[in-house]
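Trainee: Protein chains in written order, with my numbering: chain A, 1 to 209; chain B, 1 to 209.
What the hints contain is simulated information worked out from the structure, not anything from laboratory work.
Here the structure is a predicted model, which means the values were calculated and not measured.
Mixed in with the good hints, there may be bad ones.
For lysine-lysine, the following DSSO-like pairs were computed, each having C-alpha atoms within a straight-line distance of at most 27 Å [stated by the list, open to error]:
#1 A:K192 <-> B:K152
#2 B:K192 <-> A:K152
#3 B:K15 <-> B:K51
#4 B:K192 <-> B:K139
According to the in silico footprint, chain A covers these stretches of chain B (three or more CB under 8 Å from chain A) [unchecked claim]:
#5 160 to 168
#6 195 to 202
Even glycine gets a Cβ: it sits at the ideal position worked out from N, Cα and C.
Protein chains: 2
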Amino acid sequence: MVNRESSQPPRTDAKARLCAAARELMTERESMEFSLADIAARSGLNSALVKYHFGSKDGLLRAIVEEDAAQALGELGKLVARDIPASAKMRAHIAGIINTYFRHPYLNRLLHQLLNERGADDAAEVTRIFVEPVARYQKMILDDGVAKGEFKPVDAAMFHFALGGACDQLFHARSSLRAVFGLDRIDDDMRKRYVAHVTELVMGGVERR
Amino acid sequence: MVNRESSQPPRTDAKARLCAAARELMTERESMEFSLADIAARSGLNSALVKYHFGSKDGLLRAIVEEDAAQALGELGKLVARDIPASAKMRAHIAGIINTYFRHPYLNRLLHQLLNERGADDAAEVTRIFVEPVARYQKMILDDGVAKGEFKPVDAAMFHFALGGACDQLFHARSSLRAVFGLDRIDDDMRKRYVAHVTELVMGGVERR
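Chain A with its partners taken away, still in its complex shape (with noise of 0.2 Å):
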């Protein structure tokens, strides 16, 4: 056998460089307005290709959104399981969140867009495969956290809710971060100085002092 070269790249080879190209500009634009023809334009493979995999556009933007949550169940399931401090698994969970969405700079927009701008179906799925086991992972780690004496009973639900906005908002708000702080873009300091800030103020309010 020989390998051939072949005009059609292999089906999940396509899929991925599809997805790939999606992020690509949703990164650059800043925004989730593309269209078909500039996926095919910058993946180089032909639009209907979307339709084939995914269905449509926002088919493949869920693709999007359940492969990086999987990436991000992923490692926080492995780090809830560490046998280390619970407050050494908080930090973990907020520097991992924080870097996510600066990883991923379009995937803070896109779960807005899913969760609270599109209709019920979308919500409830993103809530089902990310909202859901993130914030069951965080009441294990609250647990543990009082179980070995560190935490404060803490209401994980209300929790959930805070923590979130907190890590979220400096990617959501950015138009404020230019306007406010004459900063252009979020770099590298910025992340560490916002992981640094935010874990300090959630260790204060959660550890027992």
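For chain A, the structure is supplied; the task is to place chain B on it using the hints.
Mentor: Then chain B, alone, in the frame of chain A:
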């Protein structure tokens, strides 16, 4: 002189009634999707008055944000000027943000739309009339707390984002509220729980131990 009945209400009254109708519709529908005809039906006024007083539906929305911002900033300004401990100011400020979103259920969505989903002009305007003044007042409270020995030195810019996100998320992420916690609406008990939780979290993070 006798009071004359008139089918044309005075100018200020018409403006207030149009704003009130828009607030009601946005609250009931949990969305900003309403037409000038809806406003006319709700207010009992001619839809042409929206164009006359506000230029457009967007102008009406900006006027609502301006009015709500002026009220919130008036309260915050008085709070900052009070001769009380900085920690009492911060606690009242946190409750104030959450209570404002609770009392004006449309406001969170409206701010997100104007800041993040529209053009740069809307974002700059809302930042100028609302976000910047709030950030300045927050810095005054933080500086006051450091000067009085109550607070640790805190990065005021980062704090602005973390606190804003924490207060905002319960309202912005309503879809998760339903799906994760089986709660259909934010009632007064939940408002109190959230105020208590965010206050505990944030004060633990800023107060000297």
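Trainee: Confirm or reject the coverage of the stretch 195 to 202 of chain B by chain A under the rule of 3 or more residues with a beta carbon closer than 8 Å to the chain's beta carbons.
Mentor: With 5 residues closer than 8 Å to chain A, the stretch 195 to 202 of chain B meets the three-residue bar; holds.
Trainee: Sort out whether K51 (chain B) lies within 27 Å of K15 (chain B), counting only the CA atoms.
Mentor: 11 Å, holds
Trainee: Between the stretch 160 to 168 of chain B and chain A, see if three or more residues pass the 8 Å beta-carbon test, and mark the coverage as holds or violated.
Mentor: holds (count 9)
Trainee: Please work out if K192 (chain B) and K139 (chain B) have their alpha carbons no farther apart than 27 Å.
Mentor: Given that 27 Å is the threshold and the Cα spacing comes to 25 Å, the pair holds.
Trainee: With a cut-off of 27 Å on the C-alpha distance, tell me whether K192 (chain B) and K152 (chain A) pass.
Mentor: Within the cut-off at roughly 19 Å; holds.
Trainee: Holds or violated: are the alpha carbons of K192 (chain A) and K152 (chain B) at most 27 Å from each other?
Mentor: 19 Å, holds
The earlier numbered hints are all upheld by this structure, with none contradicted.
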